[in-house]
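Trainee: Working from the sequences, and respecting the hints, build out all of it.
Just so you know, the sequences run in chain order U and R. Throughout, my numbering is defined as the position within the first sequence, counted from one, plus 101. Throughout, my numbering is defined as the position within the second sequence, counted from one, plus 2.
Hints listed in this document are in silico derivations from the structure and should not be mistaken for laboratory results. No experiment lies behind these values; they were computed from the predicted model shown. Hints may contain errors.
[As the list claims (entries may be wrong)] Here are the in silico distance ranges between beta carbons for each label pair:
| no. | chain 1 | residue 1 | chain 2 | residue 2 | range |
| --- | --- | --- | --- | --- | --- |
| 1 | U | E227 | R | A361 | 53 to 59 Å |
| 2 | U | R176 | R | L17 | 39 to 45 Å |
| 3 | R | I13 | U | N266 | 48 to 54 Å |
| 4 | U | T177 | R | V307 | 34 to 40 Å |
[To be verified] Okay, derived cross-link-like pairs now, DSS-like style, lysine-lysine, Cα gap no bigger than 25 Å in a straight line:
| no. | chain 1 | residue 1 | chain 2 | residue 2 |
| --- | --- | --- | --- | --- |
| 5 | R | K20 | U | K218 |
| 6 | U | K324 | U | K109 |
| 7 | U | K203 | R | K314 |
| 8 | U | K104 | U | K293 |
| 9 | U | K245 | R | K314 |
| 10 | U | K245 | R | K14 |
| 11 | U | K218 | R | K10 |
| 12 | U | K125 | U | K179 |
| 13 | R | K20 | U | K245 |
| 14 | R | K86 | R | K151 |
| 15 | R | K10 | U | K245 |
| 16 | U | K179 | R | K395 |
| 17 | R | K155 | R | K177 |
| 18 | U | K179 | R | K314 |
| 19 | R | K177 | R | K57 |
| 20 | U | K324 | U | K125 |
| 21 | R | K165 | R | K177 |
| 22 | U | K223 | R | K14 |
| 23 | R | K151 | R | K57 |
| 24 | R | K14 | U | K203 |
| 25 | R | K254 | R | K20 |
| 26 | U | K218 | R | K14 |
| 27 | R | K10 | U | K223 |
| 28 | R | K10 | U | K203 |
| 29 | U | K203 | R | K20 |
By construction, the Cβ of each residue, glycine as well, lies at the ideal position given by its N, Cα and C atoms.
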Amino acid sequence: MEKKVVIKLDNVRRNFQVGNETVKALRGISFEIHEGEFVTIMGTSGSGKSTLLNQLGCLDTPTSGEYYLDGVSVRTMKRSQRARLRNRKIGFVFQNYNLLAKTTAVENVELPLMYNKEYSAKQRREAAIEALKAVGLGDRLEHKSNQMSGGQMQRVAIARALVNNPAVILADEATGNLDTRTSYEVLVLFQKLHAEGRTIIFVTHTTEIAQYSSRNIVLRDGKIREDVFNPNIRNAAEALAALPAPED
Amino acid sequence: MSFINLFKIAIKAILSNKGRSFLSMLGIIIGVGAVIVMMAIGQGSKQSIREEIQKNGTNMLTIRPGADMRGGVRLDPSAMQTLKQVDYETILAEAKFVNKVSPEVSTSGQAVFGSNNTTSTCYGESPDYLGIRLWEVEEGVFFTEEDVKKSSKVCVVGQTIVKELFPNGQDPVGKTIRFKNIPLRIIGVFKGKGYNNWGMDQDNVIVSPYTTVMKRLAAQTHFNSILCSAVTEELSDQAIEDLTQILRRTHKLKDDEVDNFTIRSQQEWMETMSSTMDTITIILVVAAAFSLLVAGIGIMNIMLVSVTERTKEIGLRMSVGARGLDISNQFLIESILISLTGGILGVLFGALLTWGCNAIIGYPAVIPAWSVIVSFAVCVAIGVGFGYFPAQKAARLDPIEALRYE
Numbered sequence: 102m103e104k105k106v107v108i109k110l111d112n113v114r115r116n117f118q119v120g121n122e123t124v125k126a127l128r129g130i131s132f133e134i135h136e137g138e139f140v141t142i143m144g145t146s147g148s149g150k151s152t153l154l155n156q157l158g159c160l161d162t163p164t165s166g167e168y169y170l171d172g173v174s175v176r177t178m179k180r181s182q183r184a185r186l187r188n189r190k191i192g193f194v195f196q197n198y199n200l201l202a203k204t205t206a207v208e209n210v211e212l213p214l215m216y217n218k219e220y221s222a223k224q225r226r227e228a229a230i231e232a233l234k235a236v237g238l239g240d241r242l243e244h245k246s247n248q249m250s251g252g253q254m255q256r257v258a259i260a261r262a263l264v265n266n267p268a269v270i271l272a273d274e275a276t277g278n279l280d281t282r283t284s285y286e287v288l289v290l291f292q293k294l295h296a297e298g299r300t301i302i303f304v305t306h307t308t309e310i311a312q313y314s315s316r317n318i319v320l321r322d323g324k325i326r327e328d329v330f331n332p333n334i335r336n337a338a339e340a341l342a343a344l345p346a347p348e349d
Numbered sequence: 003m004s005f006i007n008l009f010k011i012a013i014k015a016i017l018s019n020k021g022r023s024f025l026s027m028l029g030i031i032i033g034v035g036a037v038i039v040m041m042a043i044g045q046g047s048k049q050s051i052r053e054e055i056q057k058n059g060t061n062m063l064t065i066r067p068g069a070d071m072r073g074g075v076r077l078d079p080s081a082m083q084t085l086k087q088v089d090y091e092t093i094l095a096e097a098k099f100v101n102k103v104s105p106e107v108s109t110s111g112q113a114v115f116g117s118n119n120t121t122s123t124c125y126g127e128s129p130d131y132l133g134i135r136l137w138e139v140e141e142g143v144f145f146t147e148e149d150v151k152k153s154s155k156v157c158v159v160g161q162t163i164v165k166e167l168f169p170n171g172q173d174p175v176g177k178t179i180r181f182k183n184i185p186l187r188i189i190g191v192f193k194g195k196g197y198n199n200w201g202m203d204q205d206n207v208i209v210s211p212y213t214t215v216m217k218r219l220a221a222q223t224h225f226n227s228i229l230c231s232a233v234t235e236e237l238s239d240q241a242i243e244d245l246t247q248i249l250r251r252t253h254k255l256k257d258d259e260v261d262n263f264t265i266r267s268q269q270e271w272m273e274t275m276s277s278t279m280d281t282i283t284i285i286l287v288v289a290a291a292f293s294l295l296v297a298g299i300g301i302m303n304i305m306l307v308s309v310t311e312r313t314k315e316i317g318l319r320m321s322v323g324a325r326g327l328d329i330s331n332q333f334l335i336e337s338i339l340i341s342l343t344g345g346i347l348g349v350l351f352g353a354l355l356t357w358g359c360n361a362i363i364g365y366p367a368v369i370p371a372w373s374v375i376v377s378f379a380v381c382v383a384i385g386v387g388f389g390y391f392p393a394q395k396a397a398r399l400d401p402i403e404a405l406r407y408e
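Mentor: Structure follows, in structure tokens:
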């Protein structure tokens, strides 16, 4: 059975006006991502990764071309409509976690649901606790963001991305600020979510990460240079176990 | 986002920056406190003037000479000699809405008893005077019609006169003092009334029959004024109309001539005083309100800093689905909360100042209830007015830029 198309880009272009010059950040990007894929998007800096991520995350709209998220065209949407779309369909994971300071894990995870009137305070909290359990932080519910390690903070951020049950999770260099061991721990978590059927897009410039995803898209100069499926997905848990024991 | 959540976020934001929040509230606290205390002083003064006037009888009418023209020159009312015995007698005989009438003549001079002396004013009145002014005789008696007829050399004196002329605590009743070298026997002493609102000592008076003052002291045949008492306060206006008709007749004024006297009721007097106090109050309150304006600008400033500081948080909130409206509401509620809390503390501060006015300085000050309500309304308006611009700035942020902000 053919899986549902979650993301469809059709010749998406994005130009920026810098002074008198037009910078073409995206020069006609087209691809489809199906439900349950774990896609890494790679490229050097200046390749258009961030611009593409902003498009995928509905933070920006294309200059031309069409982007369909879950079958809905984003290009003509107003700001507030896109905000609602982000709230319901997208979960963001950032490089620097972006947790609210002096706020507990549960409250941080509740944040997206605060902007969704369909959730009552009780439902919100229950959903947040469930998401935190899913990322293995069931015992850190009331810890404040400044009382947690980088890895734990990133897990809270992932829980926050999961809590609204999004169509796609967008991770932007999600392991960029973490040490090797913690990076693998986070990758293990992403693979677990992938195995549960979630759609994940992981933007990174670390080539290694592509080995753990099911598909790899490489950008260069605003165009797709490579788009390959990975038949031999490495297991992050094994890689983590193979790491030398931490020295004290 | 629901308002309860926005409220919680705002409280959290304010509490996480206690010092700064308090400093930005301080302007509002001082401003509202100043407005409250100014209004309280205004209201208190008005009330005490009202009480003062009421003490003298709310139905008192004063007829004065005035508005007289001689060859196109308007005369000084005190120099006019239009109020005569005939006016008094006609009023007594014909006026329908007044029940007490007293002509008034006054003269200033030195009062002497033994080796003591004091400067005072002797008022010539009729026996009705006591009832018109609602004064009381504490000791002895007031003079009678008989004394008026005989121009008796008697007087009733105020407490200040007693204090000045009888410093050793002698009983003044029965003693004879000299006023302008005329011997006057003291037959009564007024109950003390203290100073009035204009700083006049109401106890520094000598009251004698008007005939005595006219013939023996002032040597004049006209009255300075005529005091009447309307039957009731409500009938004051009719009484004035009636008295005007009588006086126009006795003064033989033609239809096209203006009145050469004026009649004023206590109500008018009260209204005049009230409106004067209102004007003063408005000036004071406007001055205090300017400090609220400055406080509002302070809040706007701190909110702008807060928006800049929390750019990244705004970016995050937008990325997880906050609309511009959610963000602007968040900051608006925060600024309203700051100014409203400042307002509540300001009202308390104003109440404290008012209490200090009453208890320490002894100035009568009363906080009008509406001034508290107005203060709160103004605080909310300040919160919205000065929070709007920073809130809009926050709402218009580009989520991509905001997320990247360091």
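Trainee: Each of the hints needs a verdict: does it hold here or not?
Mentor: Here is how each hint holds up against the structure:
{"no.": "1", "hint": "U:E227 x R:A361: 53 to 59 Å", "verdict": "holds, 57 Å"}
{"no.": "2", "hint": "U:R176 x R:L17: 39 to 45 Å", "verdict": "holds, 42 Å"}
{"no.": "3", "hint": "R:I13 x U:N266: 48 to 54 Å", "verdict": "violated, 30 Å"}
{"no.": "4", "hint": "U:T177 x R:V307: 34 to 40 Å", "verdict": "holds, 37 Å"}
{"no.": "5", "hint": "R:K20 x U:K218", "verdict": "violated, 31 Å"}
{"no.": "6", "hint": "U:K324 x U:K109", "verdict": "holds, 16 Å"}
{"no.": "7", "hint": "U:K203 x R:K314", "verdict": "holds, 15 Å"}
{"no.": "8", "hint": "U:K104 x U:K293", "verdict": "holds, 19 Å"}
{"no.": "9", "hint": "U:K245 x R:K314", "verdict": "holds, 18 Å"}
{"no.": "10", "hint": "U:K245 x R:K14", "verdict": "holds, 14 Å"}
{"no.": "11", "hint": "U:K218 x R:K10", "verdict": "holds, 16 Å"}
{"no.": "12", "hint": "U:K125 x U:K179", "verdict": "holds, 23 Å"}
{"no.": "13", "hint": "R:K20 x U:K245", "verdict": "holds, 19 Å"}
{"no.": "14", "hint": "R:K86 x R:K151", "verdict": "holds, 16 Å"}
{"no.": "15", "hint": "R:K10 x U:K245", "verdict": "holds, 17 Å"}
{"no.": "16", "hint": "U:K179 x R:K395", "verdict": "holds, 18 Å"}
{"no.": "17", "hint": "R:K155 x R:K177", "verdict": "holds, 12 Å"}
{"no.": "18", "hint": "U:K179 x R:K314", "verdict": "holds, 22 Å"}
{"no.": "19", "hint": "R:K177 x R:K57", "verdict": "violated, 29 Å"}
{"no.": "20", "hint": "U:K324 x U:K125", "verdict": "holds, 10 Å"}
{"no.": "21", "hint": "R:K165 x R:K177", "verdict": "holds, 14 Å"}
{"no.": "22", "hint": "U:K223 x R:K14", "verdict": "holds, 20 Å"}
{"no.": "23", "hint": "R:K151 x R:K57", "verdict": "violated, 29 Å"}
{"no.": "24", "hint": "R:K14 x U:K203", "verdict": "holds, 10 Å"}
{"no.": "25", "hint": "R:K254 x R:K20", "verdict": "violated, 79 Å"}
{"no.": "26", "hint": "U:K218 x R:K14", "verdict": "holds, 21 Å"}
{"no.": "27", "hint": "R:K10 x U:K223", "verdict": "holds, 16 Å"}
{"no.": "28", "hint": "R:K10 x U:K203", "verdict": "holds, 14 Å"}
{"no.": "29", "hint": "U:K203 x R:K20", "verdict": "holds, 14 Å"}
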